[in-house]
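Trainee: Chains A and B supply the protein sequences, listed in that same order.
Residue numbers are given in the UniProt record's numbering: position 28 of the first sequence equals residue 28, and the series is strictly consecutive.
Residue numbers are given in the UniProt record's numbering: position 48 of the second sequence equals residue 48, and the series is strictly consecutive.
Don't read these hints as lab results, they were simulated from the structure.
This structure is a prediction, so every number in the text was calculated from the model and none was measured.
There may be inaccurate statements among the hints.
[Stated by the list, open to error] List time: in silico DSS-like cross-link candidates among lysine-lysine, alpha-carbon distance up to 25 Å: (1) B:K63 / B:K7; (2) A:K181 / B:K98; (3) B:K7 / A:K181; (4) B:K111 / A:K181; (5) B:K111 / B:K98; (6) B:K98 / B:K46; (7) A:K181 / B:K106; (8) B:K63 / A:K181; (9) A:K181 / A:K169; (10) A:K169 / B:K98.
[Unchecked claim] Stretch-level coverage of chain B by chain A, calculated; a stretch enters the list once three of its residues show a Cβ under 8 Å from a Cβ in chain A: (11) 12 to 24; (12) 38 to 49; (13) 62 to 70; (14) 102 to 113.
Quick reminder that beta carbons are idealized off the backbone N, C-alpha and C, glycines included.
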Amino acid sequence: MSEKTSNPASIDNQLFELFDCVAEYQQLRSSSSILLRQAFFDLASAKRSAGYQWISPDLYSGRAHAIATVSIGEEHPIDMRVVRNNSRIDNGNEKGQGSDREKTDGGLKRRSRRHLSSDESEHAKLTASGDEDEEDLPGDTEKPDKKQRSVAVNDPLLWFGMLVPPTLKAAQSGFVSSLDKFVQLAQLKHRLVQQQQALQEAMAGITA
Amino acid sequence: MAQAAHKDRTLIAAIGDEDTVTGLLLAGIGDIDSHQRPNFLVVDSKTTQATIEEEFTSFTQRKDIAIILINQHIADEMRGILDEYSAAFPTVLEIPSKDHPYDPSKDSVLKRVQLLLGD
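Chain A extracted, bound-state conformation (with noise of 0.2 Å):
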């Protein structure tokens, strides 16, 4: 590395790239400056309409765990990217304009399905509890739809009401995608300080 970087050639090219990364940085920095903007108005608007109280620090969830995720990659140290947990955040903006069938035909089999459930347990209250052949029978059909309730309880969303304004949902999508360019920003961080050092062991090999 030294050998390489001491050519003053390599030098300007390792400047260049410093320079590239430099611009990607500040480009990066406002366009997520922009999102955060939004996002924070958007806020702003919900705790207007839904109430200041109610979009307050007093509602964080005593018990909340992480959904939003960084996995630093193995290969390269500075390779890191959100990972999320919760489907229903991956896709932020449910206002996807095909999935409105999907959505209610999905309503109608979760409302089945409840239903079902319900007159299950209504069922299972009045017989014996010990009897295994009744749990057996809803078993396949059970376990999506907890798999859909665990995945909608994890939402932040949550926390502050099940009826929250859709100016809430906004800043979520808005917060969600800020998440990515910072993350992204960590990791041009990561870069950059790299490409310093580098660049100042090679200035170091020169005058020296």
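Model the placement of chain B on the given structure of chain A, informed by the hints.
Mentor: Below, chain B without anything else, positioned relative to chain A:
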């Protein structure tokens, strides 16, 4: 070895004002571990600088945090500690808040580049 240690770092921590932290929690970063330690701090007018510094230091010492997001105006209040901090992980990133937009002249990353180029 070092990369394996980084692999355990999955959380994103946040130190910011109410709106910033609420937004980031909505995005899904909020986590409270088995010791009831949250990975976020809401800074308001009652929060002392000592509390912010203490929390920042505890975040930097945790092995499960990959990125610390901190509002730029809060970072300004503890600039000395941030300038001294040089570890690769957790990565500290200053972000704008609702009332304090991003100021490139205060950005530590750009400051370092300027220093390198002798501006």
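Trainee: All the hints need checking, so say for each whether the structure fits it.
Mentor: Hint check:
Restraint check: the Cα-Cα separation between K63 (chain B) and K7 (chain B) comes to about 10 Å, which is no more than 25 Å; the hinted pair holds. Restraint check: the Cα-Cα separation between K181 (chain A) and K98 (chain B) comes to about 17 Å, which is no more than 25 Å; the hinted pair holds. Pair hint K7 (chain B) plus K181 (chain A) holds up; C-alpha atoms about 20 Å apart against a cutoff of 25 Å. A hinted pair counts as satisfied when its Cα atoms are at most 25 Å apart, and K111 (chain B) with K181 (chain A) qualifies at roughly 21 Å.
A threshold of 25 Å between alpha carbons decides the hint, and for K111 (chain B) with K98 (chain B) the separation of about 23 Å falls inside it, so the pair holds. About 19 Å separates the Cα atoms of K98 (chain B) and K46 (chain B), which keeps this hinted pair within 25 Å; it holds. Distance check on the hinted pair: K181 (chain A) and K106 (chain B) sit about 19 Å apart at the alpha-carbon level, within 25 Å; holds. Taking the CA atoms of K63 (chain B) and K181 (chain A), the gap is near 23 Å; set against the 25 Å cutoff, the hint holds.
For the hint linking K181 (chain A) to K169 (chain A), the alpha-carbon distance of about 19 Å falls within 25 Å, and the restraint holds. Straight-line distance between C-alpha atoms of K169 (chain A) and K98 (chain B) comes to about 18 Å, which keeps the hinted pair within the 25 Å bound. Counting residues of the stretch 12 to 24 of chain B whose CB falls under 8 Å from any CB of chain A gives 7; the rule of at least 3 is met. Only when three residues or more bring their CB closer than 8 Å to a CB of chain A does the claim for the stretch 38 to 49 of chain B stand; here the count is 3, and the claim holds.
With 3 residues bearing a CB less than 8 Å from a CB of chain A, the stretch 62 to 70 of chain B meets the requirement of three and the coverage assertion stands. A stretch counts as covered by a chain when three or more of its residues have a beta carbon under 8 Å from one of that chain; for the stretch 102 to 113 of chain B and chain A the count is 7, and the coverage holds.
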